[in-house]
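Here the protein sequences come in this chain order: A and B.
Position 133 (the first sequence) corresponds to 133 in the working numbering; numbering is contiguous.
When you read off a place in the second sequence, starting at 1, and then add 434, the result is the number in the working numbering.
Bear in mind the hints are in silico, worked out from the structure with no lab data behind them.
We put the beta carbon where it would ideally sit given N, CA and C, even for glycine.
Each hint should be verified, as a subset may be incorrect.
[To be verified] Simulated DEER-style distance windows between Cβ atoms:
1. B:Leu510 - A:Asp224: 43 to 53 Å
2. A:Ala360 - B:Asp498: 33 to 43 Å
3. A:Arg124 - B:Val564: 40 to 50 Å
4. A:Ile169 - B:Ala696: 35 to 45 Å
5. B:Gln486 - A:Lys174: 51 to 61 Å
6. A:Gly36 - B:Val697: 15 to 25 Å
7. A:Pro130 - B:Ala696: 52 to 62 Å
8. B:Trp545 - A:Pro130: 51 to 61 Å
9. A:Thr119 - B:Leu518: 46 to 56 Å
10. B:Val564 - A:Tyr110: 37 to 47 Å
11. A:Gly166 - B:Phe462: 31 to 41 Å
12. A:Ala372 - B:Leu563: 30 to 40 Å
13. B:Val564 - A:Asp224: 51 to 61 Å
[Stated by the list, open to error] Taking lysine-lysine and the DSS-like style, the derived pairs with C-alpha atoms no more than 30 Å apart in a straight line are:
14. B:Lys615 - A:Lys327
15. B:Lys566 - A:Lys56
16. B:Lys615 - A:Lys326
17. A:Lys190 - A:Lys56
18. A:Lys396 - A:Lys327
19. A:Lys201 - A:Lys398
20. A:Lys201 - A:Lys191
21. A:Lys347 - A:Lys201
22. A:Lys347 - A:Lys226
[Claimed, not checked] Partial pick of chain B residues on the chain A-facing surface, computed with a CB cut under 7 Å:
23. Ala473
24. Leu476
25. Thr482
26. Glu499
27. Leu563
28. Arg617
29. Ser621
30. Val622
31. His667
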Amino acid sequence: MPRRRLPALATAVTTALALLLAGCSGDDGRGTEADGTIRLSFQSLAWQKESVDANKQLVREWNATHPDVQVDYVQGSWDNVHDQLLTSFEGGEAPDIIHDASDDLADFAYGGYLADLRTLLPDRLTEDIPRQSWATTTFDGGVYGVPFLQEPKVLIANTELLEASGVRIPTPAKPWSWPEFRQVTAELTKKGTYGVAWPLKEPVSVTLNLGLSSGGRLFHRGADGKVTIRFDEGDGVMPGTVRDQVVSDRSAARPSLGMGGSDTLPGLFGGKYAMVPLGFSYRQQVVEQAPEGFAWSVLPVPAGSAGLAQGVSPQTLSVAEDSPHKKEAVRFVDFLLRPANMVRLAKGDWMLPTGTEALADPALRTTENGWATGTALARALRPAPAQSVRGYPEWKDKVATPALQEYYSGAIGTAELRKRLVEDGNRVLARYQR
Amino acid sequence: MSPRTSGTVRAGQYAALLCYLAFLAFPFLWLISTAFKPARELGSLHPTWIPQDPTLDNFRQAFDEQPLLRAAANSLTAALCAALIAVVIATPMAYVTARHRGRLSTAATGWVVVSQAFPFVLVIIPLFLVLKYLHLINSLWGLILVYVVWSLPFALWMLAGYVRAVPPELEEAAAVDGAGKARILVSVTAPLLAPGIVATALFAFITAWNEFFFALVLLKTPENQTLPVVLTHFLGAEGVADLGPLAAAAFLATLPSLVLFAVIQRRITGGLTAGAVKN
């Protein structure tokens, strides 16, 4: 090729590349359009068909009645949502309205990525959602999300096995105590059937959340704001019961300790397990997968000295600090969470709404599929103990998960568990609180 | 080794190979089985390999709930473009790296090794900012660019190995016959590199086809999303999954790779240069 043609070729290539880049540039879909219409993006993590349909339908209804503020529905994914949001925040491309869970908000709230909603929220919404639910999204006095759906742990039971054994059937008004639960599972255990299967593949959050029923807190915040770990009597009740069921009584299936919730369902349907503690939304899988004629019921998890208290990390709706239209975004959130709409979202996800008006809806008070048991537990739900503790993810992965797995399987005793959770744990937390 | 022993050893080798194949095939066969099972069979305590009541409902539901065809088209575009561009760039680079040993070549090889050490999460934020500056966020071309850059070092390394396997004597013989550098590259070296180029392209294609995290972060609108991202829409929080439709969609997602392997496999043959020169 003649040398004199090289500059021309280079220019042509550069121009083509520039045109290509310009032509491929994405539209971020935010801000205000030429005619003054405000465009908001709403990233939803809804994934079940009913839930996605409910969300999309609500967006359509909003758009039809608010021509000046149009919302674009963006389908997000629970998988890697934290990293995806972090990158979007850092890149200034975050959605205006963000669906997430309260236990994922602390870093974003402290990092200044989320708007403090205190002055933006309408009184109706503030008053409709109980104080303990707001506590799940409150960090350093600011409110960084609206908690709207929550999921208590319940016992899903094989009704036939339960009735045949003659044990007392618990209700939210008269639940089993932890010692009574241990006794019941021993009675239910027969050849080929375990009284209970604890799916403890991820043992930490369930241990902390159910520990609240016996007054267990594990994490204690001092006057200086620093958090330390203590393992008191109440902290040992739930894990001690599970360990006894697995190791001493053999009334809990040992293999289930390594299972996720869905993995235990075939055993429940096949009569291998009489009961399985699962999240409230697992009822949908039971309805879809249970064999014809399988009779099942939803029971409250055992109560301790603090009654039926248990920790939850509700799903939340937040507004990005970078959003140029925070007021409009909160108006949309308020629309989405009107009592009737909250009921639609709750039914779509098979979860409980946080709003008191929505909770009173007859559709969520029916005994069908155990809805009534769930709604009766709503008052007892508290913020998950560790969700605002800095360093919790590392403590969970490096200290608590292996320690609890070894404890539940019988490899270590209570003293060793306490030592590792407290001593090793406090060393981890100290690094985050210097 | 006696023929008898040799036969026993051979039988053992085949048995080991069969076990290994079964081990490799198990997840895929289970995926196919799950894709054709109705929801109630998925909850059975005694699962069977062959669905007792086979159904296409999972496929219907998967297509009904998610835009699988559009996502597959996006994935195919991204993977094909990434593979093509990576190979076009990597081939001459690999030739230079392999044939002209020197400081630059050593530095390039070092760069290749170092660049493989960075995890996704470490580079994603700077990458996002660069692409934003170029207006390539939420653009398939932006994603292709990332895939090319991501697969290029390994493609370069892989191809350089193939170039080194081509005896330089063949090029010297062509030069003696009067062929220029370009002619040697096109008529002598490139045909002998064909298996390497195909294998490298396949590597770049599979990497891009399966990639999830970059696509999740860089693409926002449903129109642009690729198959791995759309597949996660069948997953809920804490690992809960809509298993039947997920298996059906995942099964379909593996088909293009399988077809590509089946078509291209015969081209990935070694020994093209065997006997080309006397050693």
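Against the structure, the hints come out as follows:
no. : hint                            : verdict
1   : B:Leu510 - A:Asp224: 43 to 53 Å : 58 Å, violated
2   : A:Ala360 - B:Asp498: 33 to 43 Å : 34 Å, holds
3   : A:Arg124 - B:Val564: 40 to 50 Å : 44 Å, holds
4   : A:Ile169 - B:Ala696: 35 to 45 Å : 58 Å, violated
5   : B:Gln486 - A:Lys174: 51 to 61 Å : 42 Å, violated
6   : A:Gly36 - B:Val697: 15 to 25 Å  : 54 Å, violated
7   : A:Pro130 - B:Ala696: 52 to 62 Å : 59 Å, holds
8   : B:Trp545 - A:Pro130: 51 to 61 Å : 57 Å, holds
9   : A:Thr119 - B:Leu518: 46 to 56 Å : 54 Å, holds
10  : B:Val564 - A:Tyr110: 37 to 47 Å : 27 Å, violated
11  : A:Gly166 - B:Phe462: 31 to 41 Å : 48 Å, violated
12  : A:Ala372 - B:Leu563: 30 to 40 Å : 51 Å, violated
13  : B:Val564 - A:Asp224: 51 to 61 Å : 42 Å, violated
14  : B:Lys615 - A:Lys327             : 67 Å, violated
15  : B:Lys566 - A:Lys56              : 28 Å, holds
16  : B:Lys615 - A:Lys326             : 63 Å, violated
17  : A:Lys190 - A:Lys56              : 48 Å, violated
18  : A:Lys396 - A:Lys327             : 37 Å, violated
19  : A:Lys201 - A:Lys398             : 15 Å, holds
20  : A:Lys201 - A:Lys191             : 25 Å, holds
21  : A:Lys347 - A:Lys201             : 27 Å, holds
22  : A:Lys347 - A:Lys226             : 39 Å, violated
23  : Ala473                          : 5 Å, holds
24  : Leu476                          : 6 Å, holds
25  : Thr482                          : 12 Å, violated
26  : Glu499                          : 5 Å, holds
27  : Leu563                          : 6 Å, holds
28  : Arg617                          : 15 Å, violated
29  : Ser621                          : 19 Å, violated
30  : Val622                          : 21 Å, violated
31  : His667                          : 6 Å, holds
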